[in-house]
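Undergrad: Below, each chain spelled out in residue letters.
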Amino acid sequence: MSLRRKSQRHGEYTQVSVTDIQLPDPEANPAELVERKLMLERLTQAVTQLGDRCRELLRLKLQGQSFGEIQKRMGAQSINTVYTWDHRCRQQLLDLMGGDWEADNR
Amino acid sequence: MSREEIQRLLGGYATDTLSEAERSALFAAALEDQELFEALAKEQALRDVLQDAAARQQLIEALETKRQPIAARAWRWVLVPAGLAVAVGAMALLIVGGFDLRRAKPPARRQAVVADAIALQPAPPAPPAAAPLSNIRPRTAPRRLLRLPAPSTPEPSAPLPPPPELTASRNSAMPAGALAGAAGAAGAANQMNPAMPAPVLSFAARSSAPVARLKGMPMASLKKAEVAIGYALLLKGADGLYAPAPPGAVFHAGDSVRIQVAPKAAGYIYLYRRNTSGGWEPIATQAVEEGQGYVLPAVGGLQSDAPAQVELLLVLSRAEQNATGGALAANTSAGSLKITLEFR
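Line by line, the protein sequences give chains E and R.
Just so we're aligned, residue 1 is where the first sequence starts under the numbering used here, counting upward by one.
Just so we're aligned, residue 1 is where the second sequence starts under the numbering used here, counting upward by one.
If we strip away everything but chain R, and leave its shape as in the complex, we get (with noise of 0.2 Å):
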């Protein structure tokens, strides 16, 4: 018998299944040879448990089992990669529809900004000699107002309007240099040129939401408006002419800001300045129209000669109101905006 032979033999070991010259051979063998040896000597883990008449009877079993048919074993092996496919499918699905959905969430949050955004309407051609009786200096850059924070119920009485078209420029509606100082215009109406575009509506607040922290802007807090009141800061420039004031501006101790107002429905607007006892002190009222700009406290500017923060209240009623009283009485019900102006 070959050496070959004989490490043959190893797998009847076990079994007990080895003559005794297969057995003796073996043996022999493995003296000779440290590898078969080693073998032999891993082979007896495996003697002692079928020595077990019991352990064999159980293999016995488990071997007259009759095997499944090719057919099923096969299946078995196309189940497995199939069901692998279905789940890397279905986690591939889920990864790509998170990313449509994150692709299109973008375009709806830019569509509320476009609509609640100064959006400039189209404007009629100006007529050339429209009378300036605004002090609003022309900007390059489009105006910013601010947004309060949206409904969180919203009122079936009124439906928002569609957001208009940023096609107009604002400056082809507002002739350069028209505007004169509202100084001088003091006991007209204070309400802007109807050749200039009005500050449309870019608030659709008709909630009592809770206080939206704006960036960018240099007032601090809006308070509830249940009436929509568009706003934004007009700061006084070098030249005398109230501008926009960019975003992130910071008022200094001596700036004038004046607040350039955008009523959603028609009614009155009250300024109150909140002053040193803590009381608010009306400032400005003015009778407004829907839809209409107007510019408020229309003599002067807000100002504070030394580094302190303002606030402001503006208060919209339907029904006009006492200034001193009446109209911050119904401040619950009517509109109101609370501003703080923080001057360095």
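So that you can see chain E by itself, here it is in the shape it has in the complex (with noise of 0.2 Å):
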């Protein structure tokens, strides 16, 4: 019994090889690649049709400026007013990449 134990807890019987064992790969697969690259064409498309301010904003905002400092870049008066203007400019960035981020629509 004691045996028993003791080869139990050297794990003897309980031992996995390596080559069974599923490790997550860290990288996307080249299917999800492939669509992101497509889709960051088509969204560098789609910005620089955007307005100035829009481009401004978002501009501002892939640098990492959160919205208080946004407004006080763009002379906002209220940051509810940087909210609507964030709004406005993703609806319009959608619109032009044909409703959807992933999917080719138009």
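Hints should not be assumed to be uniformly reliable.
Chain R side only, calculated, beta carbon under 7 Å to chain E, not exhaustive [said to hold, decoys possible]: (1) Ile6; (2) Arg8; (3) Gly11; (4) Thr17; (5) Ser19; (6) Ala45; (7) Val49; (8) Ala55; (9) Arg56; (10) Leu59; (11) Ile60; (12) Ala62.
Calculated cross-link-like contacts (lysine to any residue; reagent style SDA-like; alpha-carbon spacing at most 20 Å) [to be verified]: (13) Lys42/R - Glu56/E; (14) Lys42/R - Leu94/E; (15) Lys42/R - Ala87/R; (16) Lys338/R - Val250/R; (17) Lys37/E - Gly279/R; (18) Lys72/E - Glu56/E; (19) Lys42/R - Ala31/E; (20) Lys37/E - Ile60/R; (21) Lys42/R - Val88/R; (22) Lys37/E - Ala45/R; (23) Lys37/E - Val49/R; (24) Lys42/R - Asp16/R; (25) Lys42/R - Leu40/E; (26) Lys37/E - Gln44/R; (27) Lys37/E - Ala54/R; (28) Lys37/E - Glu32/R; (29) Lys42/R - Trp77/R; (30) Lys42/R - Glu32/R; (31) Lys338/R - Gly279/R; (32) Lys37/E - Ser304/R.
Estimated spans, in silico, between C-beta atoms of each pair [said to hold, decoys possible]: (33) Thr44/E - Asp16/R: 12 to 20 Å; (34) Gln63/E - Ala87/R: 43 to 51 Å; (35) Gln63/E - Leu79/R: 44 to 52 Å; (36) Phe27/R - Gln49/E: 29 to 37 Å; (37) Ala41/R - Tyr13/E: 38 to 46 Å; (38) Asp95/E - Leu101/R: 44 to 52 Å; (39) Gln49/E - Ile95/R: 32 to 40 Å; (40) Ile95/R - Arg73/E: 24 to 32 Å.
These are calculated hints, taken from the structure and not from any lab test.
C-beta atoms are modelled at their ideal positions from N, C-alpha and C, and glycine is treated no differently.
Combine both chains into one complex, guided by the hints.
TA: Dropping the structure here:
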């Protein structure tokens, strides 16, 4: 009895081969990479068609600035104004991309 | 923060612009609002792309690129409709031009038909006591002659005559009933009455063009005619007079047919008929003048007692030939016309 416990403790009967363990791949699969690349191309094409305010707003957002900082940079009276601008610009960009970020529905 | 304001935060999720308080408020609202939750889920795809620093930088560079000035953009909006307008205009021009061409063609064809069809010339007033020398019955319908195929390479020595006017009536020039049977005038020349307008040459054929298939006429084919010979088929009616066979007329066994010829040039016309042995048998010989009408044979007619095809050969020679061999030998150099009559 003690011998059995000892072998279990040592893992003699519970060992799993390292080849049987499926490890997650930190890299995206090729299909996803292609989709992202295509989406980025469409996005790049779409942002060039935005208006000046939306372009500036999006540029600041991509640079990592918060809405509060953006409010100051763009001279908005309130943060709600920035929210509204951002909401409209997002909708405009979405329309330029065919109504969906991923699929090309145009 | 109201619900509408929270929904406006959606744009900051993908770009990671939200502060901690804003993100918490957005997630809390999304848990209660299914529509907002789904919208947030859709933003994930954009967020995944923007997580990549290189992609982010690419977008920033695209955004920093100076936009085209308003004037340039406006000009582009002008150019697009202008280009469309030019394309539509060009297409409209092509269509209109095509219609014009189609409209312009028929008159040209009609003119050619007029020029080549019988085209009765205005005849001089007929003397009332003109001697009836031909047995052609006056007709009410205009004569229908046949046209040989147009020349592929026109000869410089033979310009075509201008098409005569179609104003004269055949009946007015030909006294009714004035034509007697040709049998009585067998010895005389079978040249038609000068008072009767001579059949104007209806053929511009001056080439060795291939055989033309003619519709609506009893004859089957024509062969080359280097010298123009116009002809019409005359069918003997119940009254014993020969009249032009109507278009599409069918010859029957026992019918008597004559050929009215109108040579372009003066010379001699020889009419042959293919016999059973395959050779050509001379039927009639006629000295002819340019522009005059003649009927061959002068005596009797071409007949077939049984349904058969009768092959005829008209040879026009400028010089007199031996009818039995000379004209046939000159067949290649003089004008010739092959006619096939089908008796059913």
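Undergrad: State the violated hints by number, sorted upward, taking the hints as numbered earlier in the document.
TA: As far as the earlier hints go, 1, 13, 15, 17, 21, 28, 29, 32, 35 and 40 are violated by this structure, in ascending order.
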